[in-house]
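For reference, the chains in residue letters:
Number of protein chains: 2
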Amino acid sequence: MKKKSKYNVAVVGVRGAVGGEMIKILSERRFPADELRLFGSARSKGETVSFGTSTLAIRELEFRADEFQGIDLVLSSPGSSVSKRFVPQAVNAGAIVIDNTSAFRMDPSVPLVVPEINSEDIGWHRGVISNPNCSAIMMLMVVAPLHRECTVRRIVCATYQSTSGAGLRAMRELEAQSRDVLASKPIKKEVFPHQIAFNLFSHNSPVLTNGYNEEEIKMIQESRKILHEDGLSIVTTCVRVPVFRAHSEALVLEFEKNLSPENARKILARAPGVKIVDDREKNYFPMPVESTGQDDVLVGRIREDLSRPNGLALFISCDQLRKGAALNAIQIAEHLIHKST
Amino acid sequence: MKKKSKYNVAVVGVRGAVGGEMIKILSERRFPADELRLFGSARSKGETVSFGTSTLAIRELEFRADEFQGIDLVLSSPGSSVSKRFVPQAVNAGAIVIDNTSAFRMDPSVPLVVPEINSEDIGWHRGVISNPNCSAIMMLMVVAPLHRECTVRRIVCATYQSTSGAGLRAMRELEAQSRDVLASKPIKKEVFPHQIAFNLFSHNSPVLTNGYNEEEIKMIQESRKILHEDGLSIVTTCVRVPVFRAHSEALVLEFEKNLSPENARKILARAPGVKIVDDREKNYFPMPVESTGQDDVLVGRIREDLSRPNGLALFISCDQLRKGAALNAIQIAEHLIHKST
Numbered sequence: 625m626k627k628k629s630k631y632n633v634a635v636v637g638v639r640g641a642v643g644g645e646m647i648k649i650l651s652e653r654r655f656p657a658d659e660l661r662l663f664g665s666a667r668s669k670g671e672t673v674s675f676g677t678s679t680l681a682i683r684e685l686e687f688r689a690d691e692f693q694g695i696d697l698v699l700s701s702p703g704s705s706v707s708k709r710f711v712p713q714a715v716n717a718g719a720i721v722i723d724n725t726s727a728f729r730m731d732p733s734v735p736l737v738v739p740e741i742n743s744e745d746i747g748w749h750r751g752v753i754s755n756p757n758c759s760a761i762m763m764l765m766v767v768a769p770l771h772r773e774c775t776v777r778r779i780v781c782a783t784y785q786s787t788s789g790a791g792l793r794a795m796r797e798l799e800a801q802s803r804d805v806l807a808s809k810p811i812k813k814e815v816f817p818h819q820i821a822f823n824l825f826s827h828n829s830p831v832l833t834n835g836y837n838e839e840e841i842k843m844i845q846e847s848r849k850i851l852h853e854d855g856l857s858i859v860t861t862c863v864r865v866p867v868f869r870a871h872s873e874a875l876v877l878e879f880e881k882n883l884s885p886e887n888a889r890k891i892l893a894r895a896p897g898v899k900i901v902d903d904r905e906k907n908y909f910p911m912p913v914e915s916t917g918q919d920d921v922l923v924g925r926i927r928e929d930l931s932r933p934n935g936l937a938l939f940i941s942c943d944q945l946r947k948g949a950a951l952n953a954i955q956i957a958e959h960l961i962h963k964s965t
Numbered sequence: 625m626k627k628k629s630k631y632n633v634a635v636v637g638v639r640g641a642v643g644g645e646m647i648k649i650l651s652e653r654r655f656p657a658d659e660l661r662l663f664g665s666a667r668s669k670g671e672t673v674s675f676g677t678s679t680l681a682i683r684e685l686e687f688r689a690d691e692f693q694g695i696d697l698v699l700s701s702p703g704s705s706v707s708k709r710f711v712p713q714a715v716n717a718g719a720i721v722i723d724n725t726s727a728f729r730m731d732p733s734v735p736l737v738v739p740e741i742n743s744e745d746i747g748w749h750r751g752v753i754s755n756p757n758c759s760a761i762m763m764l765m766v767v768a769p770l771h772r773e774c775t776v777r778r779i780v781c782a783t784y785q786s787t788s789g790a791g792l793r794a795m796r797e798l799e800a801q802s803r804d805v806l807a808s809k810p811i812k813k814e815v816f817p818h819q820i821a822f823n824l825f826s827h828n829s830p831v832l833t834n835g836y837n838e839e840e841i842k843m844i845q846e847s848r849k850i851l852h853e854d855g856l857s858i859v860t861t862c863v864r865v866p867v868f869r870a871h872s873e874a875l876v877l878e879f880e881k882n883l884s885p886e887n888a889r890k891i892l893a894r895a896p897g898v899k900i901v902d903d904r905e906k907n908y909f910p911m912p913v914e915s916t917g918q919d920d921v922l923v924g925r926i927r928e929d930l931s932r933p934n935g936l937a938l939f940i941s942c943d944q945l946r947k948g949a950a951l952n953a954i955q956i957a958e959h960l961i962h963k964s965t
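Chains as they are written, first to last, in the numbering used here: chain A, 625 to 965; chain B, 625 to 965.
No lab work stands behind these hints: they were computed from the structure.
Just so we're clear, the structure is a prediction, and the values are computed from it rather than from any experiment.
Hints are supplied without guarantee of correctness; some may be wrong.
Identical chains blur together in the list; that is why a pair holds if it fits in one copy or across any two.
Straight-line C-alpha distance at most 20 Å; calculated SDA-like pairs for lysine to any residue [what the hints assert, rightly or not]:
#1 K906 to T833
#2 K906 to P817
#3 K881 to H959
#4 K809 to S665
#5 K708 to R639
#6 K881 to S931
#7 K899 to S651
#8 K899 to E691
#9 K809 to E799
#10 K899 to E773
#11 K628 to A807
#12 K626 to I961
#13 K809 to E914
The shape of chain A in the complex, shown without the other chains (with noise of 0.2 Å):
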């Protein structure tokens, strides 16, 4: 990318949950926004939205190439077979685009960035790099500093995963059926095919013929190719909890050699993006609630694996709309422009 003091830049996606968390880091990260141009379906075409001072509109996604004329950057966070149709024209207009959707995260030719772990990989861009689902990216925060090391074999995980992570419709959702369960009323299903409310289910993506449903594949192969590690033996169970925001994972790390839970919270505690939360005697470890609106992963419940050598277990929260989709989009962002010439 062209050194600029400014840069245009676009946000695809605007009125869903990541995409109003990405206006809202721009503004707070003070990134050198110059043209910031918001496109959105057609049902929030003329609706605004306020960046620092000024009142933007939102302009429909109409898949013309002059629609990104003249913009360097783009945001991207709509649904994936949107992000198919329209990345390969704003490219084509010169821009770089950065893709929360899965729709090129396992493109060979599209480098799949968490700036913590793999920045390097912004440099063999083609125009688009993708950010990886959000399960994995706060996984890996803390898995991959540990693995630097002391070489993970194995990762055994399961998820408890927000509402946010389905966008907000299904954070409304959970608020509504909460309400309705409350006052002994018949609940309504919109979003999710099971209650949430007072429930939890199967991560709601489609499950495949090996039993295993797609946020879990997407684990499993986007954390493979993050580190650069074909062979990692992952196998995840991926739950849907009824929180509104921020995700938590239990995790059984396997080593090649022994790893001292001292030494791993020495490693976390230098690791950039981590914070730890692992007061025993006060029982307080990484909580949702806590995750919420933090920049950070939190770690706790760091302790040795009782069941084998060479293992710790972990419990981690982590904000997804953030570190999780919009922070880590937006960091990859920010590699760009300090990168560029």
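Fit chain B to the known structure of chain A by using the hints.
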């Protein structure tokens, strides 16, 4: 126990979540009870409980030897310290006590029983039989039948534990806090150390010096005792989630040799007390709102562990007030009276 047509039964801790369920299940299963003597704390003294068509008054447990005079069988679910005090007296008075607390579970002279798994251990009791921890019972209901056909070497478990495991007051706290959060009012914490509404946290039992909480250690130690497998490798992460009733668990099992998901399904289909809920096409798997009120442990997501050979991953849900506590205790009682001579 001496064979009779009807038995004098006492229930201790009748006002608790498990005690209430015991009364209900005794009635549902038409347990041959002659006298039903109900004990509670000083607080519950004089309150009444419905049992079939009768109304029974609650006595205060006064820790006197004579208060269990004439009782054949005690179903006990007060606090652990209460059990430690009254159980020896009840046994001295000639009763057999089925105790749901952790007080005697790891005592080598006390059988720890899940009837579907180790009913033979009932035979060597000396007056006390312990009812295992709820999270251990539900896990073993699924693990034991598989273990019998294909030795399990290691269990990795992450729990999703409902508030009912912490009693009725905890369930009410979830309700009250949920109302407060939805009304944007500050929440009150009385039972749990952290907000439970729309949140989750590491299990609220004390954390030991090795970093495991007592619930996790109970699951490990009790599972080994029930399966008679002192060397079985188990690692667990116990988490409290905002669900009123019924626990869930994500399990990853390592076997001595290959056990295909198809064969596991066949074994579980004929396992008593287990029900397969595993519809991949409909994304329909075990959920706490559906296991609530059911006797069976629901199991689904039965799939190969992609991360190593000879492994399976599963997801289970169980009404831990029933099979995890009250039902299991009454099943032990039924075994006792059927074996009585």
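* Tell me, which hint numbers fail for this structure? -> 3, 4, 7, 8, 11
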